[in-house]
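For the record, the sequence lines run as chains A and B.
Just so we're aligned, residue 1 is where the first sequence starts under this note's numbering, counting upward by one.
Just so we're aligned, residue 1 is where the second sequence starts under this note's numbering, counting upward by one.
Read the hints as simulated data drawn from the structure, not as lab findings.
Source: prediction; values computed, not measured.
Watch out, some of these pointers could steer you wrong.
Incomplete in silico selection of chain B near chain A, CB under 10 Å [claimed, not checked]:
1) H47
2) F62
3) D129
4) P131
5) Y134
6) G137
7) A138
8) E145
9) Y146
10) P150
11) N152
12) S173
Think about it this way: if two alpha-carbon atoms lie no more than 20 Å apart in a straight line, the pair counts; the simulated SDA-like pairs of lysine to any residue are [claimed, not checked]:
13) B:K149 to A:V14
14) B:K196 to A:H6
15) B:K216 to A:I45
16) B:K102 to A:N77
17) B:K149 to A:E84
18) B:K149 to A:L9
19) B:K43 to A:E84
20) B:K102 to A:P76
21) B:K48 to A:H6
22) A:K86 to B:S37
Cβ-Cβ distance ranges computed for the label pairs, FRET-style [what the hints assert, rightly or not]:
23) B:D333 to A:T93: 52 to 58 Å
24) A:L100 to B:K356: 40 to 46 Å
25) A:T93 to B:E220: 19 to 25 Å
Here a beta-carbon is modelled for each residue, glycine too, at the ideal position from N, C-alpha and C.
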Amino acid sequence: MRIDEHPILSFKRVEKIKFVYNGKEYVGFKGDTIASALHAAGIKILGHHPETGRARGFYCAIGNCSSCLMTVNGEPNVRICIEELKEGMVVETQKGKGRLR
Amino acid sequence: MKTTEIAIIGGGPAGLSAAISGASSGAKVTLIDRNYSLGGQLKKQTHKFFGSQKQYASTRGFCIANILEDELKKYGDRVEILTNATVLGLYEDKVITIEQDKQYKKLKPEKIIVATGASEKFLAFPNNDLPGIYGAGAVQTLMNEYGVKPGNNVLMVGAGNIGLIVSYQLIQSGVNVKAIIDAAPQIGGYLVHASKIRRMGIPILTSYTIKYAHGKDAVEKATIWKIDENWEPIPNTEMDFDIDVICISVGLSPLADLLWQIGCKMEYIPELGGHVPIRDDNLETNISGIFIAGDVGGIEEASSAMVEGRLAGLCAAKSLGYYYGDYEEQRKDLIDQLISLRSGPVGDKIRSGLRKVII
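Full structure from sequences and hints, please.
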């Protein structure tokens, strides 16, 4: 789902970044957010509503709507649409509202 | 507590311009932005801007972001830039609280320019919460900043400028746009954009609204139907589209939370997109020393946001005693630029809205 050819923009994907999502290893690129790397891998269901259980994806992608909250390196409620992807990150879908440890 | 002369909240087109004009007048400015880099929504604008030379006409949005940032950095020590820094609060004594790198910080400026921009509106329809239903800005961010396609087949809801421009950008990224629909009886955006879309064979269906989004865990299909002159749906006019993305482009509303918190006088002005602050000609609110610039004061284009930023920066610096002999001339030039950008029939709505909030 990456854009390879574009008439105006060029995307330099030089540095690969490995991360773990729900126990499985994925690869993104330097410059990705967690959400863009997941979306590029075809993952757009980012969680479920804590009460109704309905599937959730992001809506705004700029940190306004909080529809993309996940647990990152053990920290819950991270807005993954604005969180820079880093090597070795452990990303997990969150059950319920997330609890601070 | 850390101090500064002018704090600017938001590093998009308005905030960057405000910082430039404050610093060029001689004031010490601190520009605060919650993102990793400056530029705001300019960074994802691949189209060339309209307006005049002074508003960087015929330059692409993301290039304007770089031009503004370079210009700001020319003022060296007078400029402090805080990125990845989210403003949490704005208090009566003009103290700003900030979260940066998981630290809680306080800043006490003499003047504040709020340039926080806007957020995308949403639309009510059954299953509107399915993954794959995104704001137009989100789609732009994903494509143009991160180089990722939102999906393969898109239904665009909204034929204003953003809906038209993002549709064109989707095609440039190799994504199929099935149709653009709009509930209004006519296309809201500029006809030059609409013509470009139509030449590519994409239908623009006016007087249509979305009836239903289908799918279990993600959107798979959309049903639209026609509405009459009273905006009531007409039965048996339904049409289905097999899509994996619905892109919502139904306008923006000002991100004015900080202005509410500090107690600015706010008015609900539909023409400006929602609740906006009362302000004077110099963009100062009813609270002395609190200025605004850009979409937070009413939804417009980035071009006018940049001019407003320059004006707010100039006037905030003047109120601190920083100005040059040509201050009045500069101020008049900026006000004239705004008048020109808001002239003609496309500016009717903005002019009517602004008349209600400028005191």
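Check your understanding: In ascending order, which of the hints set out earlier in this document are inconsistent with the structure?
Key -> none
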